[in-house]
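Asker: Given chain A, work out where chain B should sit, using these hints.
Chains as they are written, first to last, in this note's numbering: chain A, 158 to 383; chain B, 11 to 355.
None of these hints come from the bench; they were simulated from the model. Beta carbons: idealized from backbone N, C-alpha and C, even for Gly. Warning: the hint list may mix true and false statements.
As the list claims (entries may be wrong) - Beta-carbon label-pair distances, calculated as ranges:
#, chain 1, residue 1, chain 2, residue 2, range
1, A, N324, B, S69, 30 to 36 Å
2, B, R347, A, T212, 36 to 42 Å
3, B, P71, A, R210, 23 to 29 Å
4, B, A292, A, A277, 52 to 58 Å
5, B, P71, A, S171, 43 to 49 Å
6, A, K269, B, M76, 30 to 36 Å
What the hints assert, rightly or not - Residues of chain B clear of chain A, computed beta-carbon distances all greater than 10 Å:
#, residue
7, L203
8, V220
9, G262
10, R303
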Amino acid sequence: MIRFETVFKRYPGSREALSGVSMSMDTGEMAFLTGRSGAGKSTMLKLIGLLERPTRGQVIVNGRNIGGIKRRQIPAFRRQIGMVFQDHKLLNDRSVFDNVALPLVIAGLGLKESGKRVRAALDQVGLLHTEKVRPMTLSTGEQQRVGIARAVVSKPSLLIADEPTGNLDPGLSLEIMRIFERFNEVGTTVLIASHDLHLISQLGHRRIELSEGRLTFGGEGENGHG
Amino acid sequence: MAKPMARARKRKPTRPERRPRPSRRNSGRRSASARLPRFTNLLIDHARVLVASLGRLASQPLSTLMTVAVIGIALALPAGLQLLVANVRALSGHWQGAAELSVYLQPDVELTAAEKLADGLRADPWIAEVQLISADSALAEFRESSGFGDALEALPENPLPHVIVVLPAADRQSSEDVATLRDKLEEDLPAELVQADTEWVARLQAMLEVVRRVVLLAAVMLAVGVVIIVGNTIRLDIQNRRDEIEVTKLIGGTDAFIRRPFLYTGIWYGLMGGLLALALVASSLWALDEPIRRLSGLYGSGFRLQGPGFAGGVGLTLAGIVLGWLGSWASATRNMRRIEPGHEK
Numbered sequence: 158m159i160r161f162e163t164v165f166k167r168y169p170g171s172r173e174a175l176s177g178v179s180m181s182m183d184t185g186e187m188a189f190l191t192g193r194s195g196a197g198k199s200t201m202l203k204l205i206g207l208l209e210r211p212t213r214g215q216v217i218v219n220g221r222n223i224g225g226i227k228r229r230q231i232p233a234f235r236r237q238i239g240m241v242f243q244d245h246k247l248l249n250d251r252s253v254f255d256n257v258a259l260p261l262v263i264a265g266l267g268l269k270e271s272g273k274r275v276r277a278a279l280d281q282v283g284l285l286h287t288e289k290v291r292p293m294t295l296s297t298g299e300q301q302r303v304g305i306a307r308a309v310v311s312k313p314s315l316l317i318a319d320e321p322t323g324n325l326d327p328g329l330s331l332e333i334m335r336i337f338e339r340f341n342e343v344g345t346t347v348l349i350a351s352h353d354l355h356l357i358s359q360l361g362h363r364r365i366e367l368s369e370g371r372l373t374f375g376g377e378g379e380n381g382h383g
Numbered sequence: 011m012a013k014p015m016a017r018a019r020k021r022k023p024t025r026p027e028r029r030p031r032p033s034r035r036n037s038g039r040r041s042a043s044a045r046l047p048r049f050t051n052l053l054i055d056h057a058r059v060l061v062a063s064l065g066r067l068a069s070q071p072l073s074t075l076m077t078v079a080v081i082g083i084a085l086a087l088p089a090g091l092q093l094l095v096a097n098v099r100a101l102s103g104h105w106q107g108a109a110e111l112s113v114y115l116q117p118d119v120e121l122t123a124a125e126k127l128a129d130g131l132r133a134d135p136w137i138a139e140v141q142l143i144s145a146d147s148a149l150a151e152f153r154e155s156s157g158f159g160d161a162l163e164a165l166p167e168n169p170l171p172h173v174i175v176v177l178p179a180a181d182r183q184s185s186e187d188v189a190t191l192r193d194k195l196e197e198d199l200p201a202e203l204v205q206a207d208t209e210w211v212a213r214l215q216a217m218l219e220v221v222r223r224v225v226l227l228a229a230v231m232l233a234v235g236v237v238i239i240v241g242n243t244i245r246l247d248i249q250n251r252r253d254e255i256e257v258t259k260l261i262g263g264t265d266a267f268i269r270r271p272f273l274y275t276g277i278w279y280g281l282m283g284g285l286l287a288l289a290l291v292a293s294s295l296w297a298l299d300e301p302i303r304r305l306s307g308l309y310g311s312g313f314r315l316q317g318p319g320f321a322g323g324v325g326l327t328l329a330g331i332v333l334g335w336l337g338s339w340a341s342a343t344r345n346m347r348r349i350e351p352g353h354e355k
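Next up, chain A with everything else stripped away, as it sits in the complex:
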């Protein structure tokens, strides 16, 4: 599902964020991307979502070398990926329902079908009752769950999350991770960047570790693809 082949990334005017990272992840796998802040976790996720382009090396997502995706093709590509962010990136000028429905509106889905899918997604994160309220009125944990609902509403085969529990207490963090696990159980590939090693060890999934832009642990999956 995801493959990095000796990927380098240097941001203009700063040191190398990634130095020759190679790793691969199978379809249906769930993995954690760990390391200190600044180790390159976010950069890797940004490369997968085409928020950034690698300086060198190749990134393959879903069997496709995404280096060949042109600017105008990026939206269609991103619609195949669910992305969850530490700061949720919800829009506070509209209801929870409208936030979650946005990917479907973009995809041009009909109102009736959209309504069904949005409610299903909200139900899966346990927030069906909040559809009419504004995200701002919810707790941080609830807002993150709305973010997850928005990421999964169009049923992507790949879900990536950047520090989704960064602002949450341990109890809530575990709850969020359990939600990701449930999506993984039904076949979605899940990659989560997190520095919370204690939480990760509780869950026992594959761990990919980065340190100062280099991969130090877990680059190859159990099946050894790539």
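Answerer: For chain B alone, kept in the frame of chain A given last:
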């Protein structure tokens, strides 16, 4: 990687099979029946954005009103001037038909000689009608219409010459032909002065042409102004909705999708500006109608101000819409590009 993909799908029994959504370029491969609801949904989305953008404008009535007012005035100015030119042209058109030539004979030409000259002109194929106004009848008429009766009595003799009024044949009324005829009459007749009444009309026409050009230039400049005004308003709007644009880009919104609300905002501005311009022109006409009618009545003319008409009204409104759309399109396309998610780090 294709194989594990297939495996994964089999492992997803609880969900309907999901294929990656094809990009728009690939949509040709879909059957027409599959594309039809997609098209309907697109229309529905357009309708949704149409209404939503109007709602957004209505939620900030003051700034909307100011923008609309600026657009309306900018459009009303050239439209009003254009109408003025059209009216003056219509007015001068009334007179152009009467392309008469007045031949003022030299004072020493006797009436009998004048009659002979007039008869001679009647044979000319270029001339349709000849009328001789004797000095005496001219004086009588002048005395009656001018009110200077007593003063004229004091004159020792009639100061007026005999005048031959010549109406060119119907096919000889162009300004060149009239000028040729005038030169000929000046040469052939013992005339003090041959005056073509069309001359001032031609001059007026030439002046109107200049004014028309000026109006056109002003219209172009003001149109550019409208585009810039709408563009700048949209630019501020985009800055205010930066988060929304960024998030929409993150979750795969196309440029067209993101641009759509701004385009409709621009179209609304243009439509409302165009209608306001129309209202301004119409109310100016209404205010001028009565005095103009009185003035033309004093000149014994039935002239009335012409309005822009249905076509003019539609044209003005359409011009507003097109300019609003143009301004918002240019601004949205330019400013949206600058908002890219993920560049902050």
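Asker: Hint says 30 to 36 Å; check whether the CB-CB distance for N324(A) and S69(B) agrees.
Answerer: Given range 30 to 36 Å: holds, Cβ gap about 31 Å.
Asker: Closest CB-CB distance from R303(B) to chain A, is it above 10 Å?
Answerer: holds, 54 Å
Asker: Using the beta carbons of R347(B) and T212(A), state whether their distance is inside 36 to 42 Å or not.
Answerer: violated, 22 Å
Asker: For the range 23 to 29 Å, tell me whether the beta carbons of P71(B) and R210(A) fit it or not.
Answerer: Violated: the Cβ-Cβ distance is about 44 Å, outside 23 to 29 Å.
Asker: Regarding P71(B) and S171(A), is the given constraint of 43 to 49 Å on their beta-carbon distance met?
Answerer: For P71(B) and S171(A) the Cβ distance comes to about 47 Å; the hint holds.
Asker: Against chain A, does L203(B) hold up as non-interface, every C-beta pair farther apart than 10 Å?
Answerer: holds, 76 Å
Asker: Per the hint of 30 to 36 Å, is the separation of the Cβ atoms of K269(A) and M76(B) within bounds?
Answerer: Distance hint for K269(A), M76(B) is violated at roughly 41 Å.
Asker: Is V220(B) truly not at the interface, in the sense that its beta carbon sits beyond 10 Å from all beta carbons of chain A?
Answerer: It holds; V220(B) is separated from chain A by about 49 Å at its closest Cβ, greater than 10 Å.
Asker: Starting from the hint 52 to 58 Å, judge whether the C-beta atoms of A292(B) and A277(A) obey it.
Answerer: holds, 55 Å
Asker: G262(B): least C-beta distance to chain A exceeds 10 Å?
Answerer: violated, 4 Å
Checked against the numbered hints listed earlier, the structure breaks hints 2, 3, 6, 9; every other hint is satisfied.
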